[in-house]
Amino acid sequence: MQMQFSYEVKDSYAEVKSVGRLNMVAAPKLREVVNEVVASGSSRVVVNLAETDFMDSSGLGALIGCLKAARQAGGDLRIAGVQPQVKMVLELTNMDRVLTAYPSAEEAFGDD
Amino acid sequence: MTRFWTRLFVVLTVILGVNYVAWRWLASLNWEAWWIAVPLVIAETYSLIDVMLFGLTVWNLKIRKPPPPAPDTATVDVFITTYNEPLDLVMTTALAAKDIRWPHSTWILDDGDRPEMRELAESNGIGYVTRGADWTPDMPRHAKAGNLNNALMVTSGEYLLILDADQIPEPDILDKTLGYFNDDRVALVQTPQYFINVPADDPLGSQAPLFYGPIQQGKDGWNAAFFCGSNAILRREALMQLGLVGYVKATEKSVRRALAASRSAIKKARRSDEAKNPLVEQMLNQVEAATETAQTELEAGASLSEITYRVRRKVDDAVRTLVAADFSALQADLEEIAAMELAHVGEGGVTTVATDAVDRMSGRDWSPLGALESVHAVLDAISVERTDEAQPIMPLATISVTEDMATAMRIHSLGWKSVYHHEILANGLAPEDLKTMLTQRLRWAQGTMQVLLRENPLVQRRLTWGQRLMYFSTMWSYLSGFAAVVYFAAPIIYLTLGILPVSSLSYDFFIRFIPFMVVNQLLFVVAGHGIPTWRGQQYSLALFPTWIKACTTAARNVWFGRPLGFAVTPKARQSGGPSWSLIRPQIIVAVLLAVALVVGIIRLLAGMSEPLGTLVNVAWVAFDLVVLSVLVKAVLYKGFVPENGPEHGGPERPEERNADAV
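Taken in order, these protein sequences are the chains called X and Y.
For what it's worth, the numbering used here labels the leading residue of the first sequence as 1, then goes sequentially.
For what it's worth, the numbering used here labels the leading residue of the second sequence as 113, then goes sequentially.
Don't take every hint at face value.
[Stated by the list, open to error] Pairwise CB distance ranges, derived in the manner of DEER restraints:
#	chain 1	residue 1	chain 2	residue 2	range
1	Y	P390	X	E8	42 to 50 Å
2	X	E8	Y	V571	19 to 27 Å
3	X	V9	Y	E364	27 to 35 Å
4	Y	P198	X	V9	49 to 57 Å
No wet-lab data here; the hints were simulated from the structure.
Backbone N, C-alpha and C define an ideal beta-carbon position, used for all residues, glycine too.
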């Protein structure tokens, strides 16, 4: 099976790529990967959702858990490349009030 | 056909009830004795509204057909919640849960964090969950809701079957219920709670056949079936959605509140001694600028993560710059001193400020801002981490000790559907002594009142009116304690003082009162299919001190933040002899009723009161005494002895009643 999550440490942030369905089964794995990234010293994390075609509330819950971990390490977690279904879920749960969806991973930390 | 008769009796009850109570208000009040006349008519109005809400409930009674089979891809986690129940009791349930036929994972959620429990679970191939590292001692634990919320984060089944530690499930519980979720808007399937350790006469009123019957079926008809904490299956997606919506709400509220408070916090800080330091003063200016920008951004609709990140970033940068400037000034001073007193400089040369000192002194706790508590608190609250809870996402509601009701109401508010499946699929254990039973009832009542006071269903815009009234109906029924006091007091007052709250006990009274009482009783017979309701009727009046205490403690808790004095219901019987002290208020009332009876008869014989009034009130006193007599049985009850096998007994919730003694 293809790895669902992969990450790459860039100059000023780490990019975590999520491929496929980010649902209740995948949610704990995402949390694990992000915790690992943060623990390794990159607390500025972008979760790239360009290839995530489905997300449920558990997936979003995991993102919030990751946001908390990144913030507590003094950094931030941002999301990029949101697809239509994910956008819908963000709006349905009012999560768009909390998270800004950036067009691309490069732009996510563009302002700082 | 039953539906027709039920609705007919609902209509008749409402017509005759309104006819009676309207007459009582408009034409029968004895204003000279307003101090008892008004409370009595209010109590009667309370009871009329109560029976009208019951009528509304059974109006839409829904009798469901078995659901279609579920797709075999459905994944389920079975949660067994425990805190301090005996290990063997938990294991009996856990092993039965493991034997449930539908493929699933079984988990013991042990809030007692007992190593022996873990060992037993693991050696039987059952999952074991306790609170994770985030649940530090300074975080609120939220009892069972917290226990479930914690477990939701470490499991991944699509559906969750929730069982109390004593609720032994049938192997087919999931086969019979999962199919309802084929409708992807269904979030909850509740099955009855039934107790196997209850004798036929149910001295403690443990069984709830009226509630787990017509009441739940009626609520189901309004898409308002209640979640009762156990023997229920929930859709994870709905719970998580609830958690997210709650998180966004809580975060937005806390950020708004913090920004609103920042101005006064900064003002206060400026007046403090620390602010005389120019460094601190400049930091405060920066904090003020950052929070003002944040406020503007919030109004402009920027996301909370962006706003909070920028505030934190700006404040941290400002603090850093200022601390660094301060240090470099210090460094310059040191160098100057060194230059002037060159001769005195030793081997080490010029003293230098350690490079990591700037970092350290810029940290939240070390910087001069850290000393300014008000500012510190504001800055902490401008965050998206929900620092006041162990985990940001709290799917099960934590606003009440009855997390089940509060959670169900929020699920309904989000537009999800619920199902009541009327078939016993788990067998549990009821309390076997009065003390434990009273603790349990108090807890339910307190939790229900907390929900009413914190999230009044009548003003929840996203609930349908039917749903609002179904929730309100249950809350309303817990106010019965106040009415009970009046129903006990009125006949005592007449028999001892001769004061009648009704202007006259004439034809006018009986012609209105009796038909109402009769149809009212018949409504319960028809809607309940002959389910025993007498036990419930007794307890809804006899436990009046419990219901009143629940209302007052919940109000104090919600309005003034006082603790509820909450206790977990012990599953094992409490030892010791009969504890009459538990029902002291009721004993006092019973004595007063008996004295009133004697005085009333003496007054009649002495010609001081009229025969009809005395007769009515003697009958009323007799009724009150029979109601209270259930407590004698309850105090003397020595626990369950399985002899003839348990049968359906009386009911247990205050809703489990016939109409009050109107």
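Original post:
For this structure, which hints from the list above don't hold up?
Top reply: 2
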